Amino acid sequence: MNFTRTKFVKLIRIVLLVIVLVVIVGYAVFRSLPYVRGPEIMIFQPINGSTIDSTTMTIAGRAIRVNSLTMNNNVIPIDESGNFKETVIVFPGINIISFDVTDQFKRSAHSELRVFGARLF
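Residue 6 is where the sequence shown starts when you use our numbering, and the numbers rise one by one after that.
Don't read these hints as lab results, they were simulated from the structure. Computed from a prediction, not measured in an experiment: that's the story for all the values here. Note that beta-carbon positions come from the ideal geometry of N, C-alpha and C, so glycine has one too. Some hints here could point you the wrong way.
With beta-carbon atoms standing in for the labels, derived distance ranges [as the list claims (entries may be wrong)]:
hint	residue 1	residue 2	range
1	Phe-13	Gln-109	15 to 23 angstroms
2	Arg-18	Phe-110	35 to 43 angstroms
3	Ile-101	Leu-38	42 to 50 angstroms
4	Tyr-32	Phe-121	41 to 49 angstroms
5	Ser-37	Ser-86	48 to 56 angstroms
6	Arg-119	Glu-45	41 to 49 angstroms
7	Gly-54	Val-27	45 to 53 angstroms
Start from the sequences, fold in the hints, and give me the full structure.
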(Lines of atoms letter the chains of each structure in order from A and count residues from 1; the text may use other names and numbers.)
(Lines give C-alpha, C1' and ligand atoms only; values in the text may rest on other atoms or scores of the structure.)
Protein backbone atom coordinates (compact mmCIF):
# COMPACT_ATOMS: atom_id res chain seq x y z
CA MET A 1 0.00 0.00 0.00
CA ASN A 2 1.40 3.35 -1.01
CA PHE A 3 0.93 6.06 1.65
CA THR A 4 0.83 9.64 0.61
CA ARG A 5 0.90 12.54 3.01
CA THR A 6 -2.89 13.14 2.77
CA LYS A 7 -3.68 9.46 3.36
CA PHE A 8 -1.37 9.44 6.37
CA VAL A 9 -2.98 12.59 7.85
CA LYS A 10 -6.45 11.08 7.30
CA LEU A 11 -5.38 7.88 9.05
CA ILE A 12 -3.98 9.83 12.03
CA ARG A 13 -7.21 11.83 12.33
CA ILE A 14 -9.32 8.67 12.32
CA VAL A 15 -7.10 6.99 14.92
CA LEU A 16 -7.22 10.08 17.18
CA LEU A 17 -11.01 10.31 16.80
CA VAL A 18 -11.40 6.65 17.77
CA ILE A 19 -9.13 7.13 20.79
CA VAL A 20 -11.09 10.20 21.94
CA LEU A 21 -14.41 8.36 21.53
CA VAL A 22 -13.13 5.34 23.47
CA VAL A 23 -11.94 7.60 26.31
CA ILE A 24 -15.28 9.45 26.44
CA VAL A 25 -17.33 6.25 26.44
CA GLY A 26 -15.02 4.63 29.01
CA TYR A 27 -15.28 7.63 31.32
CA ALA A 28 -19.08 7.70 31.00
CA VAL A 29 -19.30 4.01 31.90
CA PHE A 30 -16.88 4.49 34.82
CA ARG A 31 -18.93 7.40 36.23
CA SER A 32 -22.27 5.63 35.84
CA LEU A 33 -21.31 2.28 37.42
CA PRO A 34 -22.11 3.38 41.00
CA TYR A 35 -25.64 4.33 39.94
CA VAL A 36 -26.12 0.92 38.39
CA ARG A 37 -25.23 -0.71 41.73
CA GLY A 38 -28.11 1.07 43.50
CA PRO A 39 -28.45 2.37 47.06
CA GLU A 40 -26.35 1.02 49.91
CA ILE A 41 -26.46 1.38 53.70
CA MET A 42 -23.66 0.70 56.19
CA ILE A 43 -24.01 0.75 59.99
CA PHE A 44 -20.76 1.59 61.82
CA GLN A 45 -21.99 1.81 65.40
CA PRO A 46 -23.14 -0.33 67.21
CA ILE A 47 -22.04 -3.66 65.81
CA ASN A 48 -24.87 -5.98 64.83
CA GLY A 49 -25.55 -8.46 67.64
CA SER A 50 -23.83 -6.43 70.35
CA THR A 51 -25.06 -5.99 73.93
CA ILE A 52 -26.01 -2.49 75.11
CA ASP A 53 -25.78 -1.76 78.84
CA SER A 54 -27.54 1.62 78.81
CA THR A 55 -31.07 2.79 78.11
CA THR A 56 -30.05 4.69 74.97
CA MET A 57 -27.61 4.14 72.13
CA THR A 58 -26.36 6.18 69.21
CA ILE A 59 -26.60 4.60 65.78
CA ALA A 60 -24.08 5.91 63.24
CA GLY A 61 -23.68 4.92 59.63
CA ARG A 62 -23.57 5.97 56.01
CA ALA A 63 -26.11 5.72 53.22
CA ILE A 64 -24.64 5.89 49.72
CA ARG A 65 -26.51 6.93 46.57
CA VAL A 66 -29.79 7.55 48.39
CA ASN A 67 -32.57 10.13 48.32
CA SER A 68 -34.33 9.04 51.50
CA LEU A 69 -33.45 7.02 54.58
CA THR A 70 -35.96 5.69 57.09
CA MET A 71 -35.33 4.01 60.43
CA ASN A 72 -38.33 2.03 61.72
CA ASN A 73 -40.48 3.91 59.15
CA ASN A 74 -39.34 7.35 60.42
CA VAL A 75 -37.36 9.56 58.04
CA ILE A 76 -33.94 10.47 59.41
CA PRO A 77 -31.68 13.22 58.04
CA ILE A 78 -28.40 12.55 56.26
CA ASP A 79 -25.61 15.01 55.49
CA GLU A 80 -24.02 15.71 52.08
CA SER A 81 -21.72 12.71 52.42
CA GLY A 82 -24.56 10.36 53.38
CA ASN A 83 -23.60 10.12 57.07
CA PHE A 84 -26.28 9.85 59.71
CA LYS A 85 -26.42 9.64 63.49
CA GLU A 86 -29.51 8.91 65.59
CA THR A 87 -30.05 8.22 69.28
CA VAL A 88 -32.65 5.59 70.16
CA ILE A 89 -34.03 4.01 73.31
CA VAL A 90 -32.85 0.48 74.09
CA PHE A 91 -35.38 -1.84 75.68
CA PRO A 92 -34.45 -4.98 77.64
CA GLY A 93 -34.15 -7.98 75.34
CA ILE A 94 -33.68 -8.04 71.59
CA ASN A 95 -34.10 -4.72 69.78
CA ILE A 96 -34.53 -4.82 66.00
CA ILE A 97 -33.98 -1.55 64.16
CA SER A 98 -35.00 -1.57 60.50
CA PHE A 99 -33.44 0.71 57.85
CA ASP A 100 -34.84 1.33 54.38
CA VAL A 101 -33.21 3.48 51.69
CA THR A 102 -34.48 4.62 48.29
CA ASP A 103 -32.47 6.16 45.45
CA GLN A 104 -33.44 8.58 42.70
CA PHE A 105 -34.51 5.70 40.43
CA LYS A 106 -36.92 4.34 43.10
CA ARG A 107 -34.71 1.33 43.84
CA SER A 108 -34.55 0.37 47.49
CA ALA A 109 -32.43 -1.55 49.97
CA HIS A 110 -33.22 -2.88 53.44
CA SER A 111 -30.99 -3.53 56.45
CA GLU A 112 -31.66 -4.61 60.02
CA LEU A 113 -29.66 -3.96 63.15
CA ARG A 114 -30.18 -6.35 66.05
CA VAL A 115 -28.86 -5.45 69.50
CA PHE A 116 -29.51 -6.92 72.93
CA GLY A 117 -30.57 -4.57 75.71
CA ALA A 118 -29.09 -5.93 78.95
CA ARG A 119 -30.07 -3.12 81.30
CA LEU A 120 -33.32 -3.34 83.25
CA PHE A 121 -35.16 -0.10 83.92
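Here's how the hints hold up against the structure:
no.	hint	result
1	Phe-13 / Gln-109: 15 to 23 angstroms	violated, 48 angstroms
2	Arg-18 / Phe-110: 35 to 43 angstroms	holds, 39 angstroms
3	Ile-101 / Leu-38: 42 to 50 angstroms	violated, 33 angstroms
4	Tyr-32 / Phe-121: 41 to 49 angstroms	holds, 48 angstroms
5	Ser-37 / Ser-86: 48 to 56 angstroms	violated, 20 angstroms
6	Arg-119 / Glu-45: 41 to 49 angstroms	violated, 19 angstroms
7	Gly-54 / Val-27: 45 to 53 angstroms	holds, 48 angstroms
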